[in-house]
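A.B. asks: Read off the chains here:
There are 2 protein chains.
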Amino acid sequence: MTKIKYLTIIVCLSNLMSLVAQTRMESSLKENDGSQLWLPTINVSKMKEKTPQISYQGKLSKTISIAIFELQNAWRGQPIILEKTRGKKTDGFTISSSERQIQIVSTTDVGLLYGTYHLLRIQNTGIVDKNCSITETPFYELRILNHWDNLDGTIERGYAGKSLWNWSDLPDTLSPHYKEYARANASIGINGTVLNNVNASPEILSDNYLKKVKALANIFRPYGIRVYLSVNFASPIKLSGLHTADPLNKEVIQWWKKKVDQIYDLIPDFGGFLVKANSEGQPGPCDYGRTHAEGANMLAKILQPYHGIVMWRAFVYHATNDDRAKQAYLEFQPLDGQFHKNVLVQIKNGPIDFQPREPYNPLFSAMPNSQLMVEFQITQEYLGFSNHLVYLAPLWKEFFASVPFHTVKAIAGVANIGSDKNWCGHHFAQANWYAFGRITWNPSLSPEKIADEWLKQTFTNEPQFVTSVKNIMMQSHEAAVNYMMPLGLHHIFAGEHHYGPEPWYNMLNVRQDWLPVYYHKADSAGIGFNRSSTGSNATAHYPDSLCQLYGNIKTCPEKYLLWFHHVPWTYRMKNNRTLWDELCNSYDKGVQKVRFFQQVWDKMEPHVDTRRFKDVQTKLKIQSRDAVWWKDACLLYFQTFSRLPIPYELERPIHTLEDMMNFKLKISNYECPTAGFSK
Amino acid sequence: MTKIKYLTIIVCLSNLMSLVAQTRMESSLKENDGSQLWLPTINVSKMKEKTPQISYQGKLSKTISIAIFELQNAWRGQPIILEKTRGKKTDGFTISSSERQIQIVSTTDVGLLYGTYHLLRIQNTGIVDKNCSITETPFYELRILNHWDNLDGTIERGYAGKSLWNWSDLPDTLSPHYKEYARANASIGINGTVLNNVNASPEILSDNYLKKVKALANIFRPYGIRVYLSVNFASPIKLSGLHTADPLNKEVIQWWKKKVDQIYDLIPDFGGFLVKANSEGQPGPCDYGRTHAEGANMLAKILQPYHGIVMWRAFVYHATNDDRAKQAYLEFQPLDGQFHKNVLVQIKNGPIDFQPREPYNPLFSAMPNSQLMVEFQITQEYLGFSNHLVYLAPLWKEFFASVPFHTVKAIAGVANIGSDKNWCGHHFAQANWYAFGRITWNPSLSPEKIADEWLKQTFTNEPQFVTSVKNIMMQSHEAAVNYMMPLGLHHIFAGEHHYGPEPWYNMLNVRQDWLPVYYHKADSAGIGFNRSSTGSNATAHYPDSLCQLYGNIKTCPEKYLLWFHHVPWTYRMKNNRTLWDELCNSYDKGVQKVRFFQQVWDKMEPHVDTRRFKDVQTKLKIQSRDAVWWKDACLLYFQTFSRLPIPYELERPIHTLEDMMNFKLKISNYECPTAGFSK
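Residue numbers (the UniProt record's numbering), protein chains in the order written: chain C, 1 to 679; chain S, 1 to 679.
Extracted from the complex, chain C is given alone in its bound form (with noise of 0.2 Å):
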């Protein structure tokens, strides 16, 4: 053993120099500017002083030496064997402990760094069991970050500065962002990133950025994670001139082919495709006849020799005048069984588009013979951008209390990650992106241990702390729904951007379902779309039991009421109150509980260096004004259709309408979009 020990040790010292090297340092916390996410701070000089006995036997990759570097770093705890057994390879690991020793065990490299940070996590949530054994295995093969990165830099509804990723100087040169992206994805599980945005430019296929994407998959390998693309179905035409991207025809499978055998030849695990095809303007196989199924087969049997997989969205819907909800379903359900084994389905947990609240997609129980993959969107594109505290893992649990784990097959999420110091544009917006890993992980943790695990990991362990501001994060989706779009309601926001509240928004020669009130429907009788079977009869996408359930006003759950009927002013609900004091009280209630978040996060100053404590507290004063804005701006514009009064108990507005109407807020990728409702 001392000999293999000494060994390690030699490897380890020079291979920390190498990765000091390129990682971020952070030394007091006094100004934590929150770059180090959930991560221990790497420090040399408390490495030298005290370094862990470490050991492993056998072949030192580059994903083994990362551990050992991590556990050198971090652990504080009994000496480490690191072994790798024979068996069927996974990316699960087991860890024994004992008073002596700690034993990580995996049949793979990564299954051992997996095993490294989780044993890291342990310690640093809490008291490592003296004997315990702990076996974990991912749920999900494949846990994969979207990013909407444009090869220009900027990220459609990325509110975290510009992309990571400086294509101008790749490959030569290597920003250190691009090794503590992989990581922190390392460490709560993601093994996959999709680099482009799904509006993809066919740019991204030319020889000059496939060099620049092995790259960035030659420094995301050591961390387990492969490297996927979305492409352009009109690549063919756009980068090499052929007169057509049929799906059937043999030029277009010869190009493809050639174009797949070059990706590999230079990242040999090279992980796929993703494709947005026939969605919002962009091309695909129905341009020429074919089916989304024949578009997707095509690509999918070039890539089968290597491994690779389609992941195909079923995010479309038309400027036809059926239900938009319905679209999806009826676009893709006719082609369950048709799809070849590598190809699997992306649809978004909800059927119109990752509103605070959805029901779940029925897509999702109406495609048995096809392997589907959710969409989540971890970037809050509909909850308030980076400026509001709004904890994301409720929303996916709540969707996965409808669709059982076991019905998807892989999670996708869009990412919120930006070139900002922390990353995700608000500190809280971070829970997100490790939520989002650890569920990808293991869907059945609940929200409240990942909030606990991410609020010790990233701020402090102490109790007071982590129980107050846990139960802020607990009831974060919550509020943002009550004050944006409680009872159902949806897609109300303003018409350029999805930041603040234009329920009123119409406009002429413009889709109908990209305005507001093709959504709400408010007029004079009541309000919300009627998708019972006496209305758009989206309900009969839904199994039986749930179409009679969200079909009968009676039985419909009161959180989707407005999703799925249209209701009248003085509809009695549950507890009695007329559903527009329901709608004003839900308001209300949203708005009155951000300001208890600030009243609980100003209580937080002694626990919470400077910086961060001032960032979260001054966010917290955009999320409460925009809270006000959004209760003034639809309860006055849908009571010109109640002509009720807002229940006198209630705090009154104090916007006008038509101040709020006259009143147009300007968005940008970056600028932070509230200094237009501050003043």
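Errors might be hidden in some of the hints.
A pair holds if it fits inside one copy or across any two, identical chains being indistinguishable in the list.
Stated by the list, open to error - Listed below are the simulated DSS-like cross-link pairs for lysine-lysine, each with C-alpha atoms no more than 27 Å apart in a straight line:
(1) Lys84 - Lys179
(2) Lys589 - Lys614
(3) Lys257 - Lys397
(4) Lys162 - Lys397
(5) Lys554 - Lys214
(6) Lys559 - Lys449
(7) Lys593 - Lys603
(8) Lys589 - Lys603
(9) Lys470 - Lys614
(10) Lys257 - Lys341
(11) Lys179 - Lys214
To be clear, the hints were calculated from the coordinates, so they are not data collected in a lab.
Go by the hints and put chain S onto chain C.
C.D. replies: Just chain S, lined up with the frame of chain C:
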């Protein structure tokens, strides 16, 4: 009688036509724009159908005709006899009623007019007792409005549009507003008006302008209103090129004599001069080494033969190092006894300048041998302009609680009247004009009684409305003090205007006593202006008993605490809160109170015409936002000194100090100043 009655009717009807022609008409209350003030609508058709018997024996003066016309128009009761009796001429009257008739008796025509308006007031605010005998005599002989109107149509500290006086059209074109203005003033007993700004343009004394003044005087005369002018002490130089304005200079005296002769030749009942001398850059006797008394007496002697008076303002302060609160006293107290008998020293209610709350100006108890008058401010220069609902009667009442009625010989009020359709900008600002008039007639009237009268005449008699809204009015001043400057804080307004908070406002090369920091003196030790014997010793200007009371931090009324003392942040208040906590609670109380006002007002919707309901509702929204702005600005700024947390049970700030400090609110005389505050 018949003959006379017949005659009377004829006169009335002819007279009526002329009046009607010049009187704004109001029909339905559906869209009441507030232009009618508290006065009965003039309704010719009604008058024609049912004419009450009004009889009067004797010469029909214009004044008497107006009285008869008003009764014709609005009286709905028994026949009325107007009777002039011999005796000392006063503005007083007696009303005695029986089943058969009502008699109004006075020694003067205007007395009968006042009696008429009083009788109508009783009718419109309740029931006229069948067998009552009311005798009313005004407590103050001079009941004067001061207009800070400039000849260019602007109004200094005016927030209700432009000046009422269309100088360019005068004397040939006479706006109907002139008569409406006179009628409104007569109805509440106001009998004098100073037409122009105390920062007086010499032009007002030019031959050209005096003809215009004469035209107005002619319109006001029948309503018992005398005209006064503010004069520039350097007029002899500015108008006629004299080399001096020294009050002891023969030419100067001669000049004034000729000017006064000219004025009385045009306006036989001209009231006299108002003078702002050696104050804020205005010229005055001190420029020539003469005292204020010498300056005032020179003019007084010239006016005396015409029974004219001089109102000499004591509002003076210099860029010295001595406490501004002491300066008027130091300059005027020594002159006690030196003023000529027709000079009135006009003193603002407080020692600084119309702050939301001030202790009384100690001059009132220090010049026993002079004739004093108090200057109130009706326009809300320091109380939210015409955006905030602040009923001022309680503030004036507070003054009289310290200064006995008899101490002052007259009352002046800086008008809040402009060209706005509703005269005062805010419908409820009309109540301050009304209350001022009523208090000058009878200072012992309670603010409740006055609010009650005004509400019933201006809106409705419905008890639910009157009770609820009176409650708002009665609490409104205390609320404003709380959200602006509680516990004796004063003058922490924005630099360029007096609307918003800028406690941090500081500038080089600016007079110290124009800077908020001079007044609040916040530092790490505490906050407040030490005016006790250990400080500026301004307390010594008060009578011994009060000097003791105010000078001792333990006995000083807490509403004046920071006015007289620099108090440690942790000082224990009577309720055992620390000063800091009490400060926070006071600001919060102010905010919550305005929200309460909003709730009450919204409930009043059924009782108020749509237009005024919406107008007031909108203003209350502004006030509500402003209150939060004040609270956040002051607490967050003062917190940088106290370094203490805002009590966590209180609602948290929603603005950042940085935002507020970087935000410059632009104010002009006419624009709604709050655009900036909302967005």
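A.B. asks: Against this structure, judge whether each hint is valid.
C.D. replies: The hints, checked one at a time:
| no. | hint | result |
| --- | --- | --- |
| 1 | Lys84 - Lys179 | within (24 Å within a copy, 102 Å between copies) |
| 2 | Lys589 - Lys614 | both (25 Å within a copy, 26 Å between copies) |
| 3 | Lys257 - Lys397 | neither (40 Å within a copy, 92 Å between copies) |
| 4 | Lys162 - Lys397 | neither (30 Å within a copy, 62 Å between copies) |
| 5 | Lys554 - Lys214 | neither (57 Å within a copy, 78 Å between copies) |
| 6 | Lys559 - Lys449 | within (25 Å within a copy, 52 Å between copies) |
| 7 | Lys593 - Lys603 | both (15 Å within a copy, 25 Å between copies) |
| 8 | Lys589 - Lys603 | both (21 Å within a copy, 21 Å between copies) |
| 9 | Lys470 - Lys614 | within (18 Å within a copy, 43 Å between copies) |
| 10 | Lys257 - Lys341 | within (18 Å within a copy, 111 Å between copies) |
| 11 | Lys179 - Lys214 | within (14 Å within a copy, 88 Å between copies) |
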